[in-house]
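J.: For reference, the chains in residue letters:
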Amino acid sequence: MGKKLVIDPVTRIEGHGRVTVHLDEDNRVIDAKLHVVEFRGFEKFIQGHPYWEAPVLLQRVCGICFVSHHLAGAKALDDIIGAGYSTGVQMLPTAEKVRRLGHYGQQLQSHVTAYFYLIVPEMLFGMDAPPEQRNVLGLVEANPDLIKRVVALRKWGQEVIKTVFGKRMHGISSIPGGVNKGISIAERNRLLNGEKGLLSIGQVIDYAQDGLRLFHEFHEKHRKQVDGFAEVPALNMSLVDDNGNVDYYHGRLRIVNKNRETVFELDYHDYLDYFAEATEKWSYMKFPYLKKLGREAGAVRVGPLARVNVTKSYGGSTPLAQAALERFQAYTNGKANDMTLHTNWARAIEILHSAELIKALLNDPDLQGEQLTLEPPESAWTGKGVGVVEAPRGTLLHHYQANEEGAITSANLVVATTQNNTVINRTVRAVAEEYLGGQAEITEGMMNAVEVGIRAYDPCLSCATHAMGQMPLVVSVHDAQGRVVDERVR
Amino acid sequence: MSVCADKPAALSSLSLGDYNAASCLVYGIGNAGRQDDGLGWAFIDWLEGTPLCPEAEIQRHYQLHLEDADLLRYKTRALFVDATRDPEVKRFRVERVQPKLDFSFTSHAISLPSVMATCEQCFGYLPEVHLLTIRGYEWALKQGLTAPAARNLKTAIAEIAAGE
Numbered sequence: 018m019g020k021k022l023v024i025d026p027v028t029r030i031e032g033h034g035r036v037t038v039h040l041d042e043d044n045r046v047i048d049a050k051l052h053v054v055e056f057r058g059f060e061k062f063i064q065g066h067p068y069w070e071a072p073v074l075l076q077r078v079c080g081i082c083f084v085s086h087h088l089a090g091a092k093a094l095d096d097i098i099g100a101g102y103s104t105g106v107q108m109l110p111t112a113e114k115v116r117r118l119g120h121y122g123q124q125l126q127s128h129v130t131a132y133f134y135l136i137v138p139e140m141l142f143g144m145d146a147p148p149e150q151r152n153v154l155g156l157v158e159a160n161p162d163l164i165k166r167v168v169a170l171r172k173w174g175q176e177v178i179k180t181v182f183g184k185r186m187h188g189i190s191s192i193p194g195g196v197n198k199g200i201s202i203a204e205r206n207r208l209l210n211g212e213k214g215l216l217s218i219g220q221v222i223d224y225a226q227d228g229l230r231l232f233h234e235f236h237e238k239h240r241k242q243v244d245g246f247a248e249v250p251a252l253n254m255s256l257v258d259d260n261g262n263v264d265y266y267h268g269r270l271r272i273v274n275k276n277r278e279t280v281f282e283l284d285y286h287d288y289l290d291y292f293a294e295a296t297e298k299w300s301y302m303k304f305p306y307l308k309k310l311g312r313e314a315g316a317v318r319v320g321p322l323a324r325v326n327v328t329k330s331y332g333g334s335t336p337l338a339q340a341a342l343e344r345f346q347a348y349t350n351g352k353a354n355d356m357t358l359h360t361n362w363a364r365a366i367e368i369l370h371s372a373e374l375i376k377a378l379l380n381d382p383d384l385q386g387e388q389l390t391l392e393p394p395e396s397a398w399t400g401k402g403v404g405v406v407e408a409p410r411g412t413l414l415h416h417y418q419a420n421e422e423g424a425i426t427s428a429n430l431v432v433a434t435t436q437n438n439t440v441i442n443r444t445v446r447a448v449a450e451e452y453l454g455g456q457a458e459i460t461e462g463m464m465n466a467v468e469v470g471i472r473a474y475d476p477c478l479s480c481a482t483h484a485m486g487q488m489p490l491v492v493s494v495h496d497a498q499g500r501v502v503d504e505r506v507r
Numbered sequence: 005m006s007v008c009a010d011k012p013a014a015l016s017s018l019s020l021g022d023y024n025a026a027s028c029l030v031y032g033i034g035n036a037g038r039q040d041d042g043l044g045w046a047f048i049d050w051l052e053g054t055p056l057c058p059e060a061e062i063q064r065h066y067q068l069h070l071e072d073a074d075l076l077r078y079k080t081r082a083l084f085v086d087a088t089r090d091p092e093v094k095r096f097r098v099e100r101v102q103p104k105l106d107f108s109f110t111s112h113a114i115s116l117p118s119v120m121a122t123c124e125q126c127f128g129y130l131p132e133v134h135l136l137t138i139r140g141y142e143w144a145l146k147q148g149l150t151a152p153a154a155r156n157l158k159t160a161i162a163e164i165a166a167g168e
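Residue numbers (the working numbering), protein chains in the order written: chain X, 18 to 507; chain V, 5 to 168.
Extracted from the complex, chain X is given alone in its bound form (with noise of 0.2 Å):
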């Protein structure tokens, strides 16, 4: 008889998952998923409120990425009252600004917190390390200093949230048009200049550069296996300008092969002609794909590591991020890079690029201009918008409709870690493959390697699901013939 292990719950993920993994009777496997239990809800939730309400209140279904969420409704609120992408009208430039600055923030913090207290642990303690101390309150024991410059770091980013948004978290800044307040030469300078208390952007960047030699150093130590972890195919897509540089808050949708061949470019408004989403019986998670090429060719991978995939550079004002860069695509040649672990490379180069995008802006006078909101007539009422960003962990977009009256009438929201389905399902079988398979006994360490391979992609299952209120919990268990012989709800 065939064995069936479960990891319930996968850990230092945001939101809950459940991984099986089947093995025959030689113990290989024969089958391995990652299911979502979360119930989605938001999107049936917001239908009857106000459409001015969107962002603020679908900026909820996440405590972490809260920001890429206002921005993406925000985008999509500029197209429905007519001063949006869509109908040509281009964000005055304080308003661009701030937003991208509130962004910037988030991402930096967003991936210190993935980066810092998630994966390095694992990277400095080993996937085979006890789970009391692959942990980040193990570095705190280990490495006190290392954590007291990775919560300055945090802080830091969580004070650029709370300039531009007025809180650390579901503050609100962006209104239909633009936004409600600019940035003052006060809060500027202290972002730059640091306090007690608080870093200058300089030492920000220097940080940053520390978290990047952290992975470097890790790398040429443990190169067989972190370039060896999950290499898994796919495409790559992510947010460009028309230079072809990943524009983390507007662009067109690139989307490249392994070659880096730009296989399809397309205006995001015209992202529901060309993707469709599947589902599975198994999970809350929708499988996106590309319509013209089928479910298995037409998977794309999202986040850090597609961004860095997809970008011909980082052009002038990053030097830093562009030399890291780089050195990134030149490991592979000028390939796109498959190799999972590698994506931790990426969320720490970005950690850079984000910290040079923020010093860059906050130099740029624009930030503290008096024209904030463009008001168009009533009659430039569209009723209908798509706002996309490259949210951390890849491309987000929020597609909502509204009536007359001003009343949402639907919404429609794909996330990052749903694009990402098909991608992260493929690297829990290539890991089960690797370090379950053949296996006798099966330890700790082998099911913790699982984990890693999802913690790469530092999936949000909360956001894939846009789940809301308690949700219950299904475990399942099935014989070989495939039948339920327990079932528990939680």
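Derived pair list, reagent style BS3-like, types lysine-lysine, alpha-carbon separation capped at 25 Å:
hint, chain 1, residue 1, chain 2, residue 2
1, X, Lys309, X, Lys352
2, X, Lys165, V, Lys104
3, X, Lys376, X, Lys198
4, X, Lys61, V, Lys146
5, X, Lys184, V, Lys146
6, X, Lys401, X, Lys303
7, X, Lys238, X, Lys352
To give an idea of the interface, some chain V residues facing chain X are shown, with a C-beta separation under 7 Å as derived from the structure:
hint, residue
8, Leu70
9, Glu71
10, Asp74
11, Leu105
12, Ser118
13, Thr122
14, Gln125
15, Cys126
Treat the hints as calculated values from the structure; they're not laboratory data. All C-beta atoms, glycine included, are put in the ideal place defined by N, C-alpha and C.
Using the hints provided, position chain V relative to the given structure of chain X.
T.: Quick look at chain V alone, frame taken from chain X:
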């Protein structure tokens, strides 16, 4: 030290007047959109309307963060206020908290003892920390406390205020 509402004598350990300085922190944890999870913030709402400790730094957040270790390093005394589902807490409980790395960290949750241990390990300093937990019953996506949770809050406030 742990103090329950049915042992009011020990409440003498908590005097809000002791928090009337900028070096003191009162920190409400919770979410007013999740019924009784809003107890911590409701306590802060009450505190902000009283003259008991106007100089204290008041904060309210959905959850603790590791960065709160950095907040604690600048304080001499801190009071955290949170809701609890623990059935052993009949109405409310006040306890002095000790640092402990309990390896409970996720990016969505970290315990108060772990935040304190991080402060101690990283900064070599720890303020006096108390935790006030108030018993709640429902955590659904809905505004407002349940009636029994509101009664527990009222009891906690009355007994704490009586000790001033």
